[in-house]
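Residues per chain are reported as follows:
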Amino acid sequence: MNDMTPPKDERAVALKGLGASRKRVEDVRFTQGKGNYVDDLKLPGMLFGDFVRSPYAHARIKSINSEKAKALPGVVAVLTAADLAPLNLHWMPTLAGDVQMVLADGKVLFQGQEVAFVVANDRYVAADAVELVEVEYEELPVVVDPFKAQAPDAPVLREDLAGKTSGAHGPRRHHNHIFTWEQGDRDATEKVLSSADVVAEEMVYYHRTHPCPLETCGCVASMDKVNGKLTVHGTFQAPHAVRTVASLISGIAEHNIRIISPDIGGGFGNKVGVYPGYICAIVASIVTGKPVKWIEDRMENLMATAFARDYWMKGRISATKDGRITGLSCHVTADHGAFDACADPTKFPAGFFNICTGSYDIPVAHLAVDGVYTNKAPGGVAYRCSFRVTEAAYFIERMIEVLAIKLGMDAAELRTKNFIRKDQFPYQSALGWEYDSGDYHTAWDKALKAVDYAGLRREQADRIADFKAGKTRKLLGIGLTHFTEIVGAGPVKNCDILGLGMFDSCEIRIHPTGSAIARLGTISQGQGHATTFAQILASEIGLPADDITVEEGDTDTAPYGLGTYGSRSTPVAGAATAMAGRKIRAKAQMIAAYLLEVHDDDVEWDIDRFVVKGAPERFKTMKEIAFAAYNQAIPGLEPGLEAVSYYDPPNMTYPFGAYICVMEIDVDTGEHKVRQFYALDDCGTRINPMIIEGQVHGGATEGYAIAMGQEIAYDEIGNVKTGTLMDFFLPTAWETPHYTTDFTVTPSPHHPIGAKGVGESPNVGSVPAFSNAVHDAFRAFGLTQSHMPHDHWRIWKVAHDLGLHG
Amino acid sequence: MIPAPFEYHRPDSVEAAVKLLSDFGEDARVVAGGHSLIPMMKLRMTDFGHLIDLQAIDALKGIRIDGRRITIGAMTTQHEIIHHAGLATAAPILAEAAGQIADPQVRYMGTLGGNVANGDPGNDMPGVMQCLDATFHLNGPGGSRVVKARDFYEAAYFTARAEDEILTAVSFDTPAGGQAYVKQKRKIGDYATAAAAVVIARSGGRCTAASIAMTNLADTPVWCEEAGAALAGTDLSAAAIEAAVGAMDRAIDPQSDNRGPAEFKRHAAAVVLRRAIAAAAARA
Ligand SMILES: Cc1cc2nc3c(=O)[nH]c(=O)nc-3n(C[C@H](O)[C@H](O)[C@H](O)COP(=O)(O)OP(=O)(O)OC[C@H]3O[C@@H](n4cnc5c(N)ncnc54)[C@H](O)[C@@H]3O)c2cc1C
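Protein sequences appear in the order of chains X and A.
The numbering of the first sequence is our numbering, which starts it at 248 and goes up by one.
The numbering of the second sequence is our numbering, which starts it at 4 and goes up by one.
Keep in mind that the hints were calculated from the coordinates and are not lab data.
Where is the CB? At the ideal position from N, CA and C, for every residue including glycine.
Among these hints, one or two may not hold up.
One-sided excerpt, in silico: chain A residues whose CB lies under 7 Å from chain X [said to hold, decoys possible]:
1. 4
2. 5
3. 68
4. 70
5. 187
6. 190
7. 267
8. 271
9. 274
Kindly produce the complete structure, drawing on both the sequences and the hints.
Shown next as structure tokens:
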């Protein structure tokens, strides 16, 4: 028919499918300020809500007087727990099986807690009215230390749990204890540890920090009293889950609730949970019949919405004299704040922390995690990592360094010696996971070579000699990390959130002229889904990515899915996209065969068309097939070309990587300079290398912030000390290190296109790399462990305590 | 992050501004670049009824160099200071210090007058002005007067400026000798963990005069006469420098905060001072 057919590779390139560094389609509107965020939304008659928040970390509320506030012109209502109680909405379930106050019910448990919700017809009036609400508090003793919280005579924080000896995750042994979660074999591990040649023991603290997305949390709730439909536009990372939970809590039928996540300015886990602001805005809209907007400011975001980390990890690791690891034990004291509001799959109250055997073949291990209440904000979300994986990676990568010190061994060599070998995959870990694929030795060797590891160690030795001779005051640290992530939650058989299975979905409609729309159950917050999912589809169905619209975030149109966090979009929704594409192709094959007047089996797929086997000049392009699907009567086939796939992954995926950080440290000021940062990622099949690189740059920069300065710190009476960006470290272009990215490709054997997910790897991998660099700089002077964040004064203190200031 | 209600005024002369200030008394504040004041208003840490914007008063703007005398209008921005060719040769320490204040956005708005009138010990310019022995020009209902920068600061946010006075300009002589401003901070946009302003005059290898002031190490800037005296007349030997550092250490009174414990700040102060002395001496 057509002898002008371009060659295969040209046609493949034209699709901009898998492997193309296609420019992000989202950026056109973002870079021109044309994004559409929640706060851009203005609905007719819209009211504004604002919170009265507790100045105290622990106090009884003796009275709330809102008369003066209500008298201010423009104020429509002031809601307190007493107003929500008749609706049974003064408390709400958390994602972790606990309950949380929506508005303070009798007492407050953390600074910044929501006490009353003021609704006014003007944002400024609402803020003024907040000042006029008079709350009388009686201060109570405060507990900010999770160890002190477990003392027998520690203040009782959660009076609502009085007498409850078990919670959502089993027995509670103390009034401030939430759960104990155990994995692995305790007895076998103890046996190995007690008879080992060498045992290294260390307390590793991963401090409390916060995802701090550029856009804070907020929503606009709008109850249409005429048709009974509630629409909520909000910063939701999981719109469908919000719809279902909202329906279950409010009793409004699920079809009468529409959740819309518009453009989201970053989430990093902070926008997974359900916040009092959402509930209050919804109630206020139901009460007033008008749309109600609630947007928190930066201080509220940092103080009251979900924090991350705050894990005290006590480790013991054993090895033979020559450095073969024989066992690992870990006990975690997890500070959950005032309510357990972690966003983990139900069966995993410490997330996937049991990935803490890392990249190593550790025959036996045991893990116990104790969750504890304190007078701090609730949360415990996965800040750009799969559930508690960054904590786990930090723990094991510190323990490896500590063990190397104990053994007097090079830390790179110790890793090489203990990596799970390529031929051991699929690998069953001692703490219960089945790693899908990996080739750690190849990645590691490539990384060491790329940075000239031996040369760096020589330079470091010279530097130490110079330092000792008084020729320099700067030390050199070489921070090594080999991390293994576990992402893509997850198989419905063991992964659910509040009973909602963690599958995901994609629905595709091909238009008659050969373009398409794909809708997914996930929601991009900057990851570039509209770009990459179109690429997956382009390769599957042979239509150019540029002709495929990807739409997410509107529960009235998108298929049901569990949203975007935990690097699950590509592993789960990306798989659904490929599978839906394959359904399209299967039907297209029948149409093509009919048009070409051959049997279905006599045509084969060729990039963007079906060709008759053995007669490549006879073909039908996908574009032609699409038109025929709608406009030609084909016996035995329904018109149209659509497909939907709900994908329940058979396993998680296990991306990994080798990161190396070279850092200069000024012993006198505690200042540092990252001289080199090399990041090798293996995320399986690479969909869009440019987006991967961008994700690595962003994630590593967040990791840099966490390791080197970012924290949510409290004083002894529970005041947040780092509640503004003056003290909460967000790196600017000035501080951000330069990154060199690299890769190996070990596809996931169970994912339709072999992709594993990458969005969170750089946070998981970079934190230990930065931290290990600091530690490594001082290794020669006797340092084994110092806690993050490694800001100036803490590094100075390390040097000082080691006697390096003379 | 929404301030309490206030009335906005935009006078176009110093007299009109002073009149407004005296009319409203304690209930009024002037705003210059707003980059210290507006955050305080948004946090509702300060609350008053009348905001008097000085932006429209041309007389408060500009940099004048008259022989050895330099006069800078209060409403001159930090950005303008950084890019002023005359200042770059007459008093390079100003651009060096201004370049370490906050970030470019803040420096486009923030003014020298606001920086020195604010009274926040974290501000960088007060220390520089004390180091240069600058004079502050004030204008109030009773006319104008001058106060030495070294006499201006009483405690955090308390200065010699009366409630109804406006700072119109600062003036100082071209510093004789090498100058340096060395600041340690946690990140861009941060106030000093410790900072040192140093001027050193040299003649034939000897230090003939030295002036030293420190930033954010007490509740006011600390001009340390004794530290300068420890260097004057010496050949800047290690012992002389340590004597100056010791004198400085006795004069400061750092407090523990998120930048670190007081003990660390003392250490950092010594480090920045040594570095500033070395840099100033090299430029002298
Ligand atoms: C993120 C950030 C980081 C910063 N980092 C630094 C830093 O590292 N170093 C530093 O020095 N500063 C820093 N600042 C402060 C900044 O330099 C301010 O701009 C400056 O301190 C005040 O100048 P302004 O013109 O903005 O004054 P405004 O904020 O307008 O005023 C400050 C105070 O001075 C009073 N005032 C202003 N002008 C006059 C006048 N002519 N007469 C009488 N009273 C007057 C005002 O009433 C007010 O009380 C930072 C600010 C921000 C927002």
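Comparing the hints with the structure gives:
At about 4 Å, the closest approach between the beta carbon of residue 4 of chain A and any beta carbon in chain X falls short of 7 Å, and the interface hint on this residue holds. Because the smallest distance between the Cβ of residue 5 of chain A and any Cβ of chain X comes to about 4 Å, under 7 Å, the interface hint for this residue holds. Interface restraint check for residue 68 of chain A: the shortest CB-CB distance to chain X comes to about 31 Å, outside 7 Å, so the restraint is violated. Nearest Cβ of chain X to the Cβ of residue 70 of chain A: about 38 Å, over the 7 Å cut. The hint is violated.
The interface hint given for residue 187 of chain A holds, since its Cβ lies 6 Å from the closest Cβ of chain X, which is under the 7 Å cut-off. Nearest Cβ of chain X to the Cβ of residue 190 of chain A: about 6 Å, under the 7 Å cut. The hint holds. Because the smallest distance between the Cβ of residue 267 of chain A and any Cβ of chain X comes to about 4 Å, under 7 Å, the interface hint for this residue holds. For residue 271 of chain A, the suggested interface contact is upheld, since its CB lies about 6 Å from the closest CB of chain X, less than 7 Å.
At its closest, the beta carbon of residue 274 of chain A sits 5 Å from a beta carbon of chain X; the interface hint therefore holds under the 7 Å criterion.
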